[in-house]
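Model the full assembly from the supplied sequences, consistent with the hints where possible.
These are the residues of each chain, in order.
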Amino acid sequence: MRATLLKCSLVVSVTVGVFFALSGSASAQITRYQEDQRLGTESHIGNVTGHAKAAAMDYRRYCVGCHGDDGDGMGANEPWLDPKPRNFTLGQFKCRSTPTGTLPTDEDLFDTIARGLDRSNMPPWNTFTRQQRADLVAYVKHFSPKFQTEKPGTPIQIPPEPEVTADRIKTGQVLFQKLECWKCHGVEGKANGPSADTLQDDQNRPIKPYDFTDGTRPKCGSSDQDIYKIFMTGLDGTPMPSFADNVKPDEAWDLVFYLRTLQPMHSKERQIAKQLGLKPIDPNAPVPEATPAATPAPAPQQ
Amino acid sequence: MTSFRRSLASALLFVFIVLGFASSAHALPAFARKYGLRCSACHEAWPMLNYFGQKFKDNGYQLMNDRDAPIWQNPSYWPVVFRITPNWHRESTNKVLVDTPAGPNSGEVQVTSHGFDLSGLDFHTGGTLDKNISFYVLPSSDPTASFHFEQVFARLDNIFGSPWLNVKLGKFELDNLVSEKRILTLTSISGIYQTYHFIPQGDGNIFGQIGDNQLGVEWMGHSVNDRTRVSAALLSSSDGNVNLSYGNSYSGFFAASQAFDVGKLGVDRIGAYAMVGEAPTTYITQNGGSIIPGAAIGNKSYSREGFVGLFYFGKLDFLAVTQHGSDSAWFGAGYGDLPGGTIVNNNIPGTTLPVGARAPTWNGYMLETHYVYSPQLIFIQRSEWERMSQQADPTSASNFGDVDMYTIGYRYYPIMTSRAGFAWHNEYSWTRQRGTAPDGGDLSSSSLLLGFDFDF
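Protein sequence lines, in the order shown, are assigned to chains A and B. Here our numbering is used: the first residue of the first sequence is 1, the next is one more, and so on. Here our numbering is used: the first residue of the second sequence is 303, the next is one more, and so on.
Warning: the hint list may mix true and false statements.
Derived pair list, reagent style DSSO-like, types lysine-lysine, alpha-carbon separation capped at 30 Å [said to hold, decoys possible]:
# : chain 1 : residue 1 : chain 2 : residue 2
1 : A       : Lys53     : A       : Lys190
2 : B       : Lys397    : A       : Lys84
3 : B       : Lys433    : A       : Lys53
4 : B       : Lys433    : A       : Lys190
5 : B       : Lys566    : A       : Lys146
6 : A       : Lys268    : B       : Lys397
Distance ranges between label pairs, derived from CB positions [claimed, not checked]:
# : chain 1 : residue 1 : chain 2 : residue 2 : range
7 : B       : Ala456    : A       : Pro206    : 35 to 43 Å
8 : A       : Pro160    : B       : Ser464    : 28 to 36 Å
9 : A       : Asp197    : B       : Phe562    : 26 to 34 Å
No wet-lab data here; the hints were simulated from the structure. A virtual CB, placed ideally from N, CA and C, is assigned to each residue, including glycine.
Here it is, written out as structure tokens:
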């Protein structure tokens, strides 16, 4: 009698479980992977080749809740998130080493996934293996037809980083005024420039400029090279433009150095600025002439 | 069943349930809600963590995205979660000494009981008080709703901006790589790791149970991606009991591990831990034998050392633990513990050990396997073997008290949201202990459980 009961309950529970399991996965699989042809997408990071197909499970486990089954950024959590999860189907990305308007490289996406996007709910996925991340890069790409028809842009050339000098910081400050960074970012970098409150992203959602003074990290990386890249490639899909056409490659370093003086972290730049007694720019004063950059007034493009 | 057998069965059942379900897991939809992450992001299978979840915990329940401070939450957000498991279970033990129906002291029978039942209830609250100050409070009850504090701590995270400097104080789970509080097995037999709780027969050292949450202070450090982890804790030797109920003695727990990227297979981790400490054997009494709490002396030493490995082969993974245990001969002879608050053996001046008494030593082995069919379905097996290598009493059989434990089951998670956790749990466990049946034979029991395990 006991043994029978035991057997019965085992059979019943296993049946129930298997039924649950199969019904769940079957319906999910049919609807989810209709775009089979795109699942062949690959990524290449160093000697690692990523395969979209291999990332399907990880995408479901880690990413779907925000980026959605179809990669359109409409996951279940979307209503509660600000900024909104990226819509991968548009093939438009903030963090790139490539010129504005072009697709990012595989490495760009690979680095972004590990770094996460600060001041957003996109976490740093740096516990993954390189293979996992490479597979996810391919998976992110497979959502957008753009990756089937276009090649990524050519990464911008970044000249070697020069030595920080007082002159370079002063030149950087002139650029900050001349290129009108302050209109959005504010004269002290506090994200309170005259346009700051009116900004919208490409989906007409309000967006705030980066506050250099609150100690947070830029989304697209915090090294000097990263900051260089940020304003020389722009954050596509946002009002943060590319200044590649308005700044000479070497001068761009001066601007990087000046931006460092606005941040609260200890840095050589901050120290020099203190010694110089550097004051925030006066937007009403004429732009000083002594700048080597003689380019006409900027027309930031996106 | 006769009424006697029924009451015996229910008494047994009660003991089983208290033992089995007293362990509390930290699966926190509160965190999922805060960050908009699904359970599956942090849990290989809820409540067991994956590497991402472990890093989140090590960071002080922070993603480190400058959105961790509570100021980013809706002011009405309060991170409270409860967990409970209504279930049907069946418990059976092969040899139980009974008075009736066969007459006084005359019967040794198999006792089986089954029915619908509840687990205990856990109320988890945890999160950040501010950026880099985290906390956890967990009142936990048995199925009769009698509560105790299973876990309470505050932690200073990333001191001086360094992930290598985190300090917590309170009652907490030791930094075990294989976490008993996030165990995936729930029966009365498998709800704890035998290897973390094994005590030789007649031994009075309850203090070295690394599966129990302990009171103390812990320093913990880890690399940014959590591949390297180290920790050291100073603990009161009280097995987590409050009110300084034993003596003024301390233990230390140390753990270190390193993980390796093994390409397509995943990430493997190996580590080692040790617990060394002292605990009292002499209780000071007054007024004719009542114990003065917290004043016990006569400290004797004990140690536990273990190795841990987590090995991933795609969807298949293995958790392996081996642990060596050693107690002072005094513990081996039954000094130390106060079962039910009363003294069984007191090491007062003039006390001598039984002739030939030795320090008991043993080894424990554990292998748990998971097959993660999908983030919603996991199959689990675990085998544990506890083997005495030196008995305290040289006349005992060499395998006296050895334990074997096997369990097999699966959990199915029909929903995957960032709001709640729900699992259909089904599991069967079997255990045998050598020589501990009333007739001196082997004592074996089995447990079958089907239930809804949920938290919200």
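Notebook entry, point to check: Quick one: are A/Asp197 and B/Phe562 within 26 to 34 Å, going by C-beta?
Noted result: For A/Asp197 and B/Phe562 the Cβ distance comes to about 49 Å; the hint is violated.
Check: Has the given pair, A/Lys268 with B/Lys397, been kept, meaning a C-alpha gap of at most 30 Å?
Finding: violated (77 Å)
Checklist line | Hint consistency between B/Lys566 and A/Lys146 [alpha-carbon to alpha-carbon, up to 30 Å] | finding: Measuring from Cα to Cα gives roughly 28 Å; hence the hint holds.
Check: Okay, A/Pro160 versus B/Ser464 on CB: inside 28 to 36 Å?
Finding: About 30 Å separates the Cβ atoms of A/Pro160 and B/Ser464, which means 28 to 36 Å holds.
Notebook entry, point to check: Does B/Lys397 pair with A/Lys84 here, judged by a C-alpha cut-off of 30 Å?
Noted result: At roughly 62 Å apart (the allowed maximum being 30 Å), A/Lys84 and B/Lys397 break the hint.
Note to self: Next pair to validate is B/Lys433 with A/Lys53; report whether the Cα-Cα distance is within 30 Å.
What the structure shows: The given pair, whose Cα atoms are some 38 Å apart, is violated under the 30 Å limit.
Check: Given the hint that B/Lys433 pairs with A/Lys190, does the C-alpha gap stay at or below 30 Å?
Finding: holds (21 Å)
Next item on the list: For B/Ala456 and A/Pro206, compare the CB-CB distance with the range 35 to 43 Å and indicate the outcome.
Entry: holds (37 Å)
Item checked: Holds or violated: A/Lys53 to A/Lys190, with C-alpha atoms at most 30 Å apart -> violated (44 Å)
Hint check: violations occur at hints 1, 2, 3, 6 and 9; the rest are consistent with the structure.
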